[in-house]
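Trainee: Letter by letter, the chains look like this.
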Amino acid sequence: MRPFEYIRAQNPNDATQSAADGAIIIAGGTNLLDLMKLEVMAPDALIDINHLELNQIEETENGGLRIGALVTNSELANDIRVRRNWPVLSRALLAGASGQLRNKATTGGNLLQRTRCLYFYDRAMACNKREPGSGCAAREGFNRILAVLGTSEHCIATHPSDMAVAMRALGAEVETLKEGGTTRRLDLDELYLLPGDRPDRETVLEPGELITAVVLPAPVEGRQTYRKVRDRASYAFALVSVAGILKIEDGRITRADLAFGGLAPKPWRDTQVEAILVGNRPTEELFEQAADQLLAEAQGLGDNDFKLPLARRTLVSVLTELTQEARI
Amino acid sequence: MQTNLMINGTQQQLELDPRTTLLDALRHHLGLTGTKKGCDHGQCGACTVMVNGRRINSCLTLACMHDEDEVTTIEGIGQPDNLSALQKAFVSEDGFQCGYCTPGQICSATAMLEEVKNGWPSHVTDDLDGQADLSTEEISERMSGNLCRCSAYPNIVEAIRKAAGEGA
Ligand SMILES: Cc1cc2nc3c(=O)[nH]c(=O)nc-3n(C[C@H](O)[C@H](O)[C@H](O)COP(=O)(O)OP(=O)(O)OC[C@H]3O[C@@H](n4cnc5c(N)ncnc54)[C@H](O)[C@@H]3O)c2cc1C
Ligand code: FES
Ligand code: FES
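Residue numbers (this note's numbering), protein chains in the order written: chain B, 1 to 328; chain G, 1001 to 1168.
Hint data in this document are derived by calculation from the structure and do not stem from the laboratory.
By construction, the Cβ of each residue, glycine as well, lies at the ideal position given by its N, Cα and C atoms.
Check each hint, because a few of them may be wrong.
[Stated by the list, open to error] Here are the in silico distance ranges between beta carbons for each label pair:
1. E131/B with N1004/G: 35 to 45 Å
2. E1166/G with A124/B: 49 to 59 Å
3. N1004/G with T183/B: 29 to 39 Å
4. H1028/G with G302/B: 37 to 47 Å
5. H1028/G with A233/B: 48 to 58 Å
6. G302/B with S1151/G: 24 to 34 Å
7. G300/B with H1028/G: 41 to 51 Å
8. A124/B with H1028/G: 22 to 32 Å
9. T183/B with N1082/G: 45 to 55 Å
[What the hints assert, rightly or not] Heads up, simulated EDC-like pairs for lysine to aspartate or glutamate below, C-alpha to C-alpha not over 20 Å straight-line:
10. K1037/G with D34/B
11. K247/B with E206/B
12. K1117/G with D79/B
The task is simple: from the sequences and hints, build the whole structure.
Mentor: Below, the structure written as structure tokens:
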């Protein structure tokens, strides 16, 4: 690890000021320190935000939940309100990492964790995300875990978070604080950028911008599930995952909020998939049509070709599970 | 930089390079070599300790981030003449082979049993609103952050179940 200066933030403005001056924010450290040991990230200074009071989960006026950026993945998964009213989020969190890591990983850090692409991690290989302009060794390399949607010729990395996939299905928004004190709210679609020709830019956050909270809208009716497909039963990243919230009334689907992990550079949501489902009776044929839409633009690069049929089968299976009662 | 840690009930004052992980502080600066380094990247659980009662990977955190925190290592859980229930059960159930992963397994299981008592669900718990049991599936899922290169898993699960039963 390269030497760095360690600074502890006393208040949020401290943090944004230091970060605007070039320090990197450290929360749980479970992703950042991993990357610093490999010198994939080599900050001159770290600004530790762990002493800021961003660790509360509070109800909002309209029945939603405001989750402080420092709330750990364990605390959030175990919050009884989340377990009862936003179960897809508990499920996604519990499917991620390990008990030890979830105790340290924070809500803000989880959203901003970097890709697990092997070429991003290996400094001997070309990677436009790590070193802009150096090329992408993954395209022709071992790309089994990498993306099939939303990629560019410059980058095919996936966003690895499970939590963010559930939050995308739930329509969560992040609250941020910028240097100078202005705040803003972004939904997750706005937060994350697709790689295009600048895969090193992953979000719209400005230098120094601190995530202070994630806000969940009021709970919605319907069934919720998170399905994660991976190489081993636990403690592994998703190859494909689906977060689904689905409601049926009078035999027809009236809500279908779906987000996907493991397929794209950001938690993926395609409203056209949802539009195919809503208003219709749940049949296997309809589910296949939804999968056709999801994968219309999907492209494998060899090793990851299997993700197309896997995503199709996972989506159909999740929709079958969520509509089971209505179809008997 | 100066860091104060309460380790196994004793206040320790350390002067550390900020790069020092909690794991290296324990092993290299305090001689507490019970905590092991396997991967140094959060992937194996050999370095598991408890900080303020919660299990974490000590390799993925900096010692200086834990100023004034309470750390419990395997040395604090029990000693040869004063073994904890889990330590005894690992012996009686033959819950290890080479023993390298064992301190991490025991620290992890000690905190895990508290999590279960506090009603925390896991990935394999059917009812998010109910109380989880200690089935093999539950124990395996909750302990998945601790790898065992010797694959002593069946006996590790038995040891944990036994200790949990005796504690209840
Ligand atoms: C072995 C292993 C297995 C894992 N498996 C999974 C898995 O299956 N599923 C999954 O989803 N994740 C998994 N993870 C990743 C884990 O979830 C992340 O490492 C964790 O969520 C990151 O949170 P953190 O608080 O530790 O972030 P940090 O490492 O502290 O920070 C991560 C990034 O976010 C930035 N940051 C942090 N907080 C803020 C903030 N408030 N405002 C602005 N910027 C901020 C930091 O500057 C840094 O760039 C795994 C990790 C490991 C090591
Ligand atoms: S040494 Fe920390 S998890 Fe492997
Ligand atoms: S007993 Fe050898 S690694 Fe677990």
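Trainee: Are the hints correct? Go through all of them and say.
Mentor: Taking the hints in turn, this is what the structure says about them:
{"no.": "1", "hint": "E131/B with N1004/G: 35 to 45 Å", "in the structure": "holds (40 Å)"}
{"no.": "2", "hint": "E1166/G with A124/B: 49 to 59 Å", "in the structure": "holds (52 Å)"}
{"no.": "3", "hint": "N1004/G with T183/B: 29 to 39 Å", "in the structure": "holds (35 Å)"}
{"no.": "4", "hint": "H1028/G with G302/B: 37 to 47 Å", "in the structure": "holds (45 Å)"}
{"no.": "5", "hint": "H1028/G with A233/B: 48 to 58 Å", "in the structure": "violated (35 Å)"}
{"no.": "6", "hint": "G302/B with S1151/G: 24 to 34 Å", "in the structure": "holds (33 Å)"}
{"no.": "7", "hint": "G300/B with H1028/G: 41 to 51 Å", "in the structure": "holds (47 Å)"}
{"no.": "8", "hint": "A124/B with H1028/G: 22 to 32 Å", "in the structure": "holds (29 Å)"}
{"no.": "9", "hint": "T183/B with N1082/G: 45 to 55 Å", "in the structure": "holds (53 Å)"}
{"no.": "10", "hint": "K1037/G with D34/B", "in the structure": "holds (14 Å)"}
{"no.": "11", "hint": "K247/B with E206/B", "in the structure": "violated (38 Å)"}
{"no.": "12", "hint": "K1117/G with D79/B", "in the structure": "holds (15 Å)"}
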